[in-house]
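S.K.: Chains A and B are the protein sequences, given in the same order.
Residue numbering for the first sequence follows the working numbering, beginning at 1 and increasing consecutively.
Residue numbering for the second sequence follows the working numbering, beginning at 1 and increasing consecutively.
By construction, these hints were calculated from the structure, which means they are not laboratory data.
Any given hint could be a false lead.
[Said to hold, decoys possible] Below, in silico cross-link-like pairs of lysine-lysine (DSS-like), each with a Cα-Cα straight-line distance of 27 Å or less:
| hint | chain 1 | residue 1 | chain 2 | residue 2 |
| --- | --- | --- | --- | --- |
| 1 | A | Lys373 | B | Lys414 |
| 2 | A | Lys376 | B | Lys77 |
| 3 | B | Lys414 | B | Lys463 |
| 4 | B | Lys449 | B | Lys476 |
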Amino acid sequence: MNLWDFPVYLLQHKLQSGEISSVEIVRAFRERISQVEGKVKAFITLDEEGALREAARVDQEGGYTGLAGIPYGLKDLICTRGMKTTCASRMLEDFIPVYDAFVVAKLRETRALLMGKTNLDEFAMGSSTEQSAFFPTRNPWALDRVPGGSSGGSAAAVSAREVPFCLGTDTGGSIRQPAAYCGVVGLKPTYGRVSRRGVVPYASSLDQVGVLAQNVRDCALVFSIIAGHDPGDTTCVNVPVPDFVSALDEGVKGIKIAYPREYFALGVDEEIKAAVMKSLKKLEELGAIVEEVSLPHSEYALPAYYLLAPAEASANLARFDGVRYGYRDLEADNVIDMFAQTRGTAFGAEVKRRIMLGTYALSSGYYDAYYLKALKVRRLISSDFDKVFASYDLIVTPTTPTPPFIIGAHVEDPITLYMNDILTVPVNMAGLPAMSIPCGLTRGLPLGMQIIAKPFAESLIMQAAYAFEQNTEYHSMKPELEV
Amino acid sequence: MGHEYETVIGLEVHVELHTKSKIFCACPNEFGAEPNTHVCPICAGFPGMLPVLNKEAVELSIKAGLALNCHIAEVCKFDRKNYFYPDLPKAYQISQFAMPICQQGYLEIDVDGAPKRIGIHRAHMEEDAGKLIHQGAITETLYTLVDLNRSGVPLLEIVSEPDMRSAEEARDYLEKLRAVLLFAGVSDCKMEEGSLRCDANVSIRPLGEKKLGTRTEIKNLNSFRSLERAIEYEVNRQKERLEDGGTIIQETLTWDEEKQVTRSLRSKEEAHDYRYFPDPDLVPIHISRDWVEALRRNLPEMPDQARERLMKEQGLPAYDAAIISLSPDYLAFFDACAARYSNAKVVSNWMMVELNRLLNLHNMNISECKINSNDFILMLNYIDNGTISGKMAKNVFEEMFATGSSPDKIIQEKGMVQISDEKALLQLVRKVLEENPEVVRDYKNGKEKALGFLVGQIMKVTKGQANPGLVNKILKETLTEE
Numbered sequence: 001m002n003l004w005d006f007p008v009y010l011l012q013h014k015l016q017s018g019e020i021s022s023v024e025i026v027r028a029f030r031e032r033i034s035q036v037e038g039k040v041k042a043f044i045t046l047d048e049e050g051a052l053r054e055a056a057r058v059d060q061e062g063g064y065t066g067l068a069g070i071p072y073g074l075k076d077l078i079c080t081r082g083m084k085t086t087c088a089s090r091m092l093e094d095f096i097p098v099y100d101a102f103v104v105a106k107l108r109e110t111r112a113l114l115m116g117k118t119n120l121d122e123f124a125m126g127s128s129t130e131q132s133a134f135f136p137t138r139n140p141w142a143l144d145r146v147p148g149g150s151s152g153g154s155a156a157a158v159s160a161r162e163v164p165f166c167l168g169t170d171t172g173g174s175i176r177q178p179a180a181y182c183g184v185v186g187l188k189p190t191y192g193r194v195s196r197r198g199v200v201p202y203a204s205s206l207d208q209v210g211v212l213a214q215n216v217r218d219c220a221l222v223f224s225i226i227a228g229h230d231p232g233d234t235t236c237v238n239v240p241v242p243d244f245v246s247a248l249d250e251g252v253k254g255i256k257i258a259y260p261r262e263y264f265a266l267g268v269d270e271e272i273k274a275a276v277m278k279s280l281k282k283l284e285e286l287g288a289i290v291e292e293v294s295l296p297h298s299e300y301a302l303p304a305y306y307l308l309a310p311a312e313a314s315a316n317l318a319r320f321d322g323v324r325y326g327y328r329d330l331e332a333d334n335v336i337d338m339f340a341q342t343r344g345t346a347f348g349a350e351v352k353r354r355i356m357l358g359t360y361a362l363s364s365g366y367y368d369a370y371y372l373k374a375l376k377v378r379r380l381i382s383s384d385f386d387k388v389f390a391s392y393d394l395i396v397t398p399t400t401p402t403p404p405f406i407i408g409a410h411v412e413d414p415i416t417l418y419m420n421d422i423l424t425v426p427v428n429m430a431g432l433p434a435m436s437i438p439c440g441l442t443r444g445l446p447l448g449m450q451i452i453a454k455p456f457a458e459s460l461i462m463q464a465a466y467a468f469e470q471n472t473e474y475h476s477m478k479p480e481l482e483v
Numbered sequence: 001m002g003h004e005y006e007t008v009i010g011l012e013v014h015v016e017l018h019t020k021s022k023i024f025c026a027c028p029n030e031f032g033a034e035p036n037t038h039v040c041p042i043c044a045g046f047p048g049m050l051p052v053l054n055k056e057a058v059e060l061s062i063k064a065g066l067a068l069n070c071h072i073a074e075v076c077k078f079d080r081k082n083y084f085y086p087d088l089p090k091a092y093q094i095s096q097f098a099m100p101i102c103q104q105g106y107l108e109i110d111v112d113g114a115p116k117r118i119g120i121h122r123a124h125m126e127e128d129a130g131k132l133i134h135q136g137a138i139t140e141t142l143y144t145l146v147d148l149n150r151s152g153v154p155l156l157e158i159v160s161e162p163d164m165r166s167a168e169e170a171r172d173y174l175e176k177l178r179a180v181l182l183f184a185g186v187s188d189c190k191m192e193e194g195s196l197r198c199d200a201n202v203s204i205r206p207l208g209e210k211k212l213g214t215r216t217e218i219k220n221l222n223s224f225r226s227l228e229r230a231i232e233y234e235v236n237r238q239k240e241r242l243e244d245g246g247t248i249i250q251e252t253l254t255w256d257e258e259k260q261v262t263r264s265l266r267s268k269e270e271a272h273d274y275r276y277f278p279d280p281d282l283v284p285i286h287i288s289r290d291w292v293e294a295l296r297r298n299l300p301e302m303p304d305q306a307r308e309r310l311m312k313e314q315g316l317p318a319y320d321a322a323i324i325s326l327s328p329d330y331l332a333f334f335d336a337c338a339a340r341y342s343n344a345k346v347v348s349n350w351m352m353v354e355l356n357r358l359l360n361l362h363n364m365n366i367s368e369c370k371i372n373s374n375d376f377i378l379m380l381n382y383i384d385n386g387t388i389s390g391k392m393a394k395n396v397f398e399e400m401f402a403t404g405s406s407p408d409k410i411i412q413e414k415g416m417v418q419i420s421d422e423k424a425l426l427q428l429v430r431k432v433l434e435e436n437p438e439v440v441r442d443y444k445n446g447k448e449k450a451l452g453f454l455v456g457q458i459m460k461v462t463k464g465q466a467n468p469g470l471v472n473k474i475l476k477e478t479l480t481e482e
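For reference, chain A alone in the conformation it holds in the complex:
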């Protein structure tokens, strides 16, 4: 096995036992990146030399606690002091923040090594990473297919073993869907569990930073570092952070798992349904109680999401006006034209589409019919989940309705693309934690199972996911990237 093939917890082990150095780890991943990055194109910015310098420092200091000496990648809308943060947009092509996001500061504190910034759909708006202003990322399992999105670069980088873990963000499925498409584990924490400070927002009431890794244990390790209160984000809740790693071994015996019938309809691919049903059977064998339930308002989640998220985005992206930073159109004669031409030139089609949708939904005379109505739907979806969680511990569903699709297949058809989020969006609307784990292959393409829990019950999700992982082989499958 190559060093770049190792998961976080094994690298950690090897560092601690003195078997290898952090510099060796970074060199191994640098080598791997040089071999596969040209095909996968997961990164917008790479800084292997910076990581190498840091690695030397960590080696010198010794004491490999936490994630010290482990390289990682960051979705390129998470701000990094001194390193470009582009949001995969022409608007911020040369933007270098003077601050670190809270999660980046946490990772620096633990001495993890930033290898680079990963590709995404521009400002996280998309489900395929095709909306990156720079280039599409390719699915390591099939290079003609999308890695999913918007955290497609992060998922592909982990899947292609370019880094052992990445951080992504999830607003409507942007961690879980690419995790499913790339055959890795993706955790979207409870809304309020992880600070959003320094993360360029798409839809502030839905965005949450999470982890993409090879397996559940790695996820738990990284999540332990980034979870927790930040007084600089008032939506970040001050609740105790449990020991996620030691909870992994608790098993699923007696845990009540519900599977909502609506999530096995809604145009879900038959093979995906079958794979998830088979996985549920496995969980039952392991001692879980599995029953069918209903989440009746599920079908309204997607339309409501496509009103609320763009509404928030229309305000969040308004600051990109060319005045203080980012792209500015220099041809304009006056300030109003400067605003219009700056935004007209530097935003991509999908970003403009969502800004317009959101602006419309908030406009005087339409607010009640669209924005307010969508808020009400959001409450109904939440209460659907509350009812199920009154009697069950976890909900299990497929992560996506289809396997990864061919690059370019839906470019002219945004609605079909939006449908891809149909199984993940309700979770964001209710602010719940959820994880996608590999649960099979169809035609050589990975499939994902989504496990959802009550707010702040990430531990229970990981416990079940870990039990599943320990008793199946899906997580050890990896793409055959020709080198």
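Since the structure of chain A is already known, use the hints to place chain B on it.
M.R.: Showing chain B alone in chain A's frame:
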């Protein structure tokens, strides 16, 4: 024709809350610093930056609300007000739209000697925008600079009910509002520095009509005087327009200080659609009743209470009491003097006449005045014991105002001591009588006015330093003796 119209005015007043730091970041809230020195990624609207509400801004808002007899919300929240402008870094202003912190209060003003209640519709917190600095006139400027020092300064917008019926009432309301906010210690309310800003909504309707007329909103009112003039101008403009058979267009106007006219900024059709919606970056604020009650208990004396006290305890007339209780600094000066001087009315007279004249002349606040209460009382004592005359005292006072010197020093330096030596005065009187035999004759023949002339002559020779009371007395005595 000449219909009788009723004027209806409502005011929207913005005050900067006097906090140590800005409303959503740790930058200092300070006027007059070098451009862009009080700026951080939060108040400059950098990507990914999040607001964290300043508790002091909430506390001052509650205090203001209590001082304005408002109901303080148990839960309030922030909304985003969306519009593009180069001085607005996020392209939205964080404000309170649906759930403001204060509602349904009132303020009392005095109209023709009777109290009148002006309703406060609501008061809400928001952040201020930055400032644009144009190179030359706005229409010809080649480029414009942005100063973000003011971006994120906490504001309280106080919206009155349309309860005012004249420009004078509007002015009185604004003066009273300013006084209340100053007493409550929430803002320094300096119109010239923009920490108090006022927009006026003005409409007229036929007398007796219940329905409100179409209103116009006047912006850019930078002083009490421009508020009053702009409203008067606008009321007349609306009257003339209606009399000419026209209609009023709902629009936003600006007051042209130079030409003393209102000019149209934008019509209703051109008005922004601000697309308010709840700010997802800020959780709703829960305001405990304990907090509100503690603030209520510790609220300082308000202008109305001060006025009552001045009338009851110091025996001041209502007019004096009202003027003195318009500013806490002014009142503090009065209180300091009145505590150690028996005649409060004398103190009030000096403050309202001489002190005010000098303050206005030099465009100063009492807090900048160099005279301290000790020296002021000393001066009054010198008048009382005859060391100086009232007229001399005015000169002494001016000198005190200009230099901050003590009255002792001034009197000595200028040789201003009053001549109260009876013997010396008697000699002077005799001399003057000798020099003016005709006047003495006139007096003796019953011409009372002649006495005044004689007094004047004595004052002239003594350069005004003779004690006028004594001169009078000695003159009369000497004239009777002769």
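S.K.: With reference to the structure, classify each hint as holding or not holding.
M.R.: Results for each hint:
no. : hint                 : verdict
1   : A:Lys373 to B:Lys414 : 82 Å, violated
2   : A:Lys376 to B:Lys77  : 18 Å, holds
3   : B:Lys414 to B:Lys463 : 12 Å, holds
4   : B:Lys449 to B:Lys476 : 13 Å, holds
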